[in-house]
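Please put together the full structure from these sequences, using the hints given.
So the sequences go chain by chain: A, B, C and D. The first sequence lines up with residues 1 to 252 when you count with the UniProt record's numbering. The second sequence lines up with residues 1 to 252 when you count with the UniProt record's numbering. The third sequence lines up with residues 1 to 252 when you count with the UniProt record's numbering. The fourth sequence lines up with residues 1 to 252 when you count with the UniProt record's numbering.
Derived from the structure by calculation, the hints contain no laboratory data. Hints may contain errors.
Over 12 angstroms on every C-beta distance to chain D, these chain B residues come out as not near it, computed from the model [claimed, not checked]:
#1 Pro62
#2 Phe86
#3 Arg240
Partial chain D-side listing against chain A, Cβ under 8 angstroms, derived [to be verified]:
#4 Gly198
#5 Val200
#6 Leu221
Here a beta-carbon is modelled for each residue, glycine too, at the ideal position from N, C-alpha and C.
Number of protein chains: 4
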Amino acid sequence: MSEEREPVRVGVLGARGRMGAEVCRTVDAADDLELVAMVDDGDGLFAVQDAGAEVVVDFTTPDVVMDNLHWCVEQGIHAVVGTSGFTPARLDRVEAWLRNRPEVGVVVAPNFALGAVLMMEFAQRAARYFESVEVIELHHPKKLDAPSGTALRTAELIAEAREAAGLGDVPDATKDELEGARGGRVRGIPVHSIRSAGLVAHQEVLFGGVGETLTLRHDSLDRSSFMPGVLLAVRAVTGRPGLTVGLGPLLG
Amino acid sequence: MSEEREPVRVGVLGARGRMGAEVCRTVDAADDLELVAMVDDGDGLFAVQDAGAEVVVDFTTPDVVMDNLHWCVEQGIHAVVGTSGFTPARLDRVEAWLRNRPEVGVVVAPNFALGAVLMMEFAQRAARYFESVEVIELHHPKKLDAPSGTALRTAELIAEAREAAGLGDVPDATKDELEGARGGRVRGIPVHSIRSAGLVAHQEVLFGGVGETLTLRHDSLDRSSFMPGVLLAVRAVTGRPGLTVGLGPLLG
Amino acid sequence: MSEEREPVRVGVLGARGRMGAEVCRTVDAADDLELVAMVDDGDGLFAVQDAGAEVVVDFTTPDVVMDNLHWCVEQGIHAVVGTSGFTPARLDRVEAWLRNRPEVGVVVAPNFALGAVLMMEFAQRAARYFESVEVIELHHPKKLDAPSGTALRTAELIAEAREAAGLGDVPDATKDELEGARGGRVRGIPVHSIRSAGLVAHQEVLFGGVGETLTLRHDSLDRSSFMPGVLLAVRAVTGRPGLTVGLGPLLG
Amino acid sequence: MSEEREPVRVGVLGARGRMGAEVCRTVDAADDLELVAMVDDGDGLFAVQDAGAEVVVDFTTPDVVMDNLHWCVEQGIHAVVGTSGFTPARLDRVEAWLRNRPEVGVVVAPNFALGAVLMMEFAQRAARYFESVEVIELHHPKKLDAPSGTALRTAELIAEAREAAGLGDVPDATKDELEGARGGRVRGIPVHSIRSAGLVAHQEVLFGGVGETLTLRHDSLDRSSFMPGVLLAVRAVTGRPGLTVGLGPLLG
Chain A
1 MSEEREPVRV
11 GVLGARGRMG
21 AEVCRTVDAA
31 DDLELVAMVD
41 DGDGLFAVQD
51 AGAEVVVDFT
61 TPDVVMDNLH
71 WCVEQGIHAV
81 VGTSGFTPAR
91 LDRVEAWLRN
101 RPEVGVVVAP
111 NFALGAVLMM
121 EFAQRAARYF
131 ESVEVIELHH
141 PKKLDAPSGT
151 ALRTAELIAE
161 AREAAGLGDV
171 PDATKDELEG
181 ARGGRVRGIP
191 VHSIRSAGLV
201 AHQEVLFGGV
211 GETLTLRHDS
221 LDRSSFMPGV
231 LLAVRAVTGR
241 PGLTVGLGPL
251 LG
Chain B
1 MSEEREPVRV
11 GVLGARGRMG
21 AEVCRTVDAA
31 DDLELVAMVD
41 DGDGLFAVQD
51 AGAEVVVDFT
61 TPDVVMDNLH
71 WCVEQGIHAV
81 VGTSGFTPAR
91 LDRVEAWLRN
101 RPEVGVVVAP
111 NFALGAVLMM
121 EFAQRAARYF
131 ESVEVIELHH
141 PKKLDAPSGT
151 ALRTAELIAE
161 AREAAGLGDV
171 PDATKDELEG
181 ARGGRVRGIP
191 VHSIRSAGLV
201 AHQEVLFGGV
211 GETLTLRHDS
221 LDRSSFMPGV
231 LLAVRAVTGR
241 PGLTVGLGPL
251 LG
Chain C
1 MSEEREPVRV
11 GVLGARGRMG
21 AEVCRTVDAA
31 DDLELVAMVD
41 DGDGLFAVQD
51 AGAEVVVDFT
61 TPDVVMDNLH
71 WCVEQGIHAV
81 VGTSGFTPAR
91 LDRVEAWLRN
101 RPEVGVVVAP
111 NFALGAVLMM
121 EFAQRAARYF
131 ESVEVIELHH
141 PKKLDAPSGT
151 ALRTAELIAE
161 AREAAGLGDV
171 PDATKDELEG
181 ARGGRVRGIP
191 VHSIRSAGLV
201 AHQEVLFGGV
211 GETLTLRHDS
221 LDRSSFMPGV
231 LLAVRAVTGR
241 PGLTVGLGPL
251 LG
Chain D
1 MSEEREPVRV
11 GVLGARGRMG
21 AEVCRTVDAA
31 DDLELVAMVD
41 DGDGLFAVQD
51 AGAEVVVDFT
61 TPDVVMDNLH
71 WCVEQGIHAV
81 VGTSGFTPAR
91 LDRVEAWLRN
101 RPEVGVVVAP
111 NFALGAVLMM
121 EFAQRAARYF
131 ESVEVIELHH
141 PKKLDAPSGT
151 ALRTAELIAE
161 AREAAGLGDV
171 PDATKDELEG
181 ARGGRVRGIP
191 VHSIRSAGLV
201 AHQEVLFGGV
211 GETLTLRHDS
221 LDRSSFMPGV
231 LLAVRAVTGR
241 PGLTVGLGPL
251 LG
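Laid out in structure tokens, this is it:
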């Protein structure tokens, strides 16, 4: 890197949350980034602007993230968003805002772990070659939702790929089922949620064909696993105007 | 083994089924056993008696197995039974028959694979030490029932052990569930059934405690995996009067 | 498919071997293919030509495969080769033959299971994103070589991708090692070979980065798993002049 | 528990190390234990005695642990030891000391995670039923030794059980081996060490027989996983005079 290049100025929203605090430490430790603002509940967003932030990282909550994001786009500040709850309707609204500010970049991602991003990419790629597929996600027992956002997204990507390839339903001769044993269904794909002490965040995608299975498994053992993906997004967003969903397109 | 010992005379019921045929081949190949009768639909049971069978192996169907077994006990022929569908009520009836013929032995087992038997034993043993536990069974997509008989039995053994140890429900904060995602419940234990091409018969028991998990996994890749257990039972049953449920007690 | 399309005429070399026999059954069962010649030790290759074969499938042995292949190319017959032992020098010779017959297609593949082909593709793709990687292959105990050909190829693809991305050695602080515990090394990538009764052919590739791991696993439970890949190659090779190594390029 | 029961008074040696500090927090949080002394490098052991400790927990280093332990036994203080490096010769010396102080209890354990203790017990139990077995341990890449102490101990327990059952070598037809691919050997049992970023401490024991495999897997995700085992040992040691090796005997 040339010495003339100034570090990118980064502000963090949700800076006192567990993920936000980790992001602050990570940005602070990166030579090519400068942490200029740490904002949380009760602080004004103006601190971000006053500090001259070029990029904002948002790990807040679904009820405030849309206001934060709208404000960033209006101010011409790029945004990397890890907050959950981004429905298609919400993504449409973000795109509408960006039409008025075509120079601004926004990255919204359900999962910043590189391994999870690759797992989703590979699942989408493999889907057309196997008649059977099931998604099994495993998390700590304090998780409120089942399945996880990553599992839902994975199942949707698989379903789309199967439809495009003309595959029908997964084969299943079950006649006599204990209610729930065969899991939930996301666009026809069975999804199973395991909850256990000792686990953090894990997912398996099992593909099956004639005489063989292919299994993709991702294990996140701690929050640090999300940081390389956050850094990748922060570095990429300034050169990537418009809306980007998921880290996949940034992996090149 | 001393040379004077005569081979044990064995008859097979359901001899033309896939399991029965494999049992016939296996008995035939064992030096200390002699295959004296192969009986299937339409054949009379008398062939077994005429051939002087000391032990009968039954891999038939739930609708005929009780008649077969009653007849064997009456004739004083020991029996090893792999046919499914043995409810507690059925086991009670077998015990009642055996009270009149105390010299006869009957072994009824849900699974003859040694690895599956050990998996159940270990699951029962580990259950009291972990707050979390889930059972995941994986089978080929032509299987009619979900969960498998082995998974049901495993979950029951775990539930009994947890109750005996005073453990309550497994921890689970799920508030927002896609129907079925958290699996079925067998006496409170979550059980998940995966169905996929390329699979045969597999089961995982996942235990979780503070900062750790313990996983027991059994994979049956073909029917041959059941044969060592069938041989073990055939050899043991003549010296073991009364009813034995599962191969566990025979492993010593 | 239009009704006018004639079935492709296929000859099988090594037709009495275990893989060859399975290929014969599979070709015979496919509507768009016709099995016109089954050749094995002692039979002449002329039978293939007399029968008008357009494509030959070769599952023979390393000592005869080069002669077979040379003859096919000379006769203008396309070839799909699953025989092992194809060193870079052998592949060069095949390419030289094909320069004189540019209309002929040859596919040489180390593994015809679609899942194994995808596992290799994904391993190559993921390699640049993780500092750690190890390959673990698991096979039945009658296998003569360790590691397997697929594991060697996987490790080479990973090593190439790491070099292209400027990654150095995998991190490893081991000071005190029981000889062999850390596995063998293929261009710096640790490779471990497990041999056990009850296994068929399996492979895991484990990638590790900060706080996360990504695992790719392929399980072949029987030879039938190779047949979809053989069919894919037979159908593709007539429209694909020149040499193709591995099924990857055919997956589209 | 009756209200009259006084809490057990506990001292911790190596209290500023990572494990020792976690033990201090854990003892402090337990209602039936009282943390009365925290000792580390440079502190005198007399602090332990002055504080009236009944039990000492030692997570120090191989070079000082024998002196610590000798002193404890002399003073009549029970000890729970997690420090590594206990060879058979060292254990013999501890037993000799205890002969003079028959009322004192000492527990020395290579692994305090309950799941690891059960894994070893189950491996020992299953060993006689399977012709094949391999141990695979997986750890973070900063680990200095390969294989881990737990893997060595597991392999030894398996080897003993196989010998007692009259089993010979594991089957292995390997003729052509890349050096190290087949792992290291501990009394004939193949042991493989995987090192990868993203891992903590994990072990798999794979047993294989005719058509089936049984896999035992333990995953430690953080140091907290050792605390239930430490508590179990502290509570048991006062009623268990003499030397106890491993937590197995305490699990009841």
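Tested hints:
no.	hint	result
1	Pro62	25 angstroms, holds
2	Phe86	22 angstroms, holds
3	Arg240	19 angstroms, holds
4	Gly198	6 angstroms, holds
5	Val200	6 angstroms, holds
6	Leu221	6 angstroms, holds
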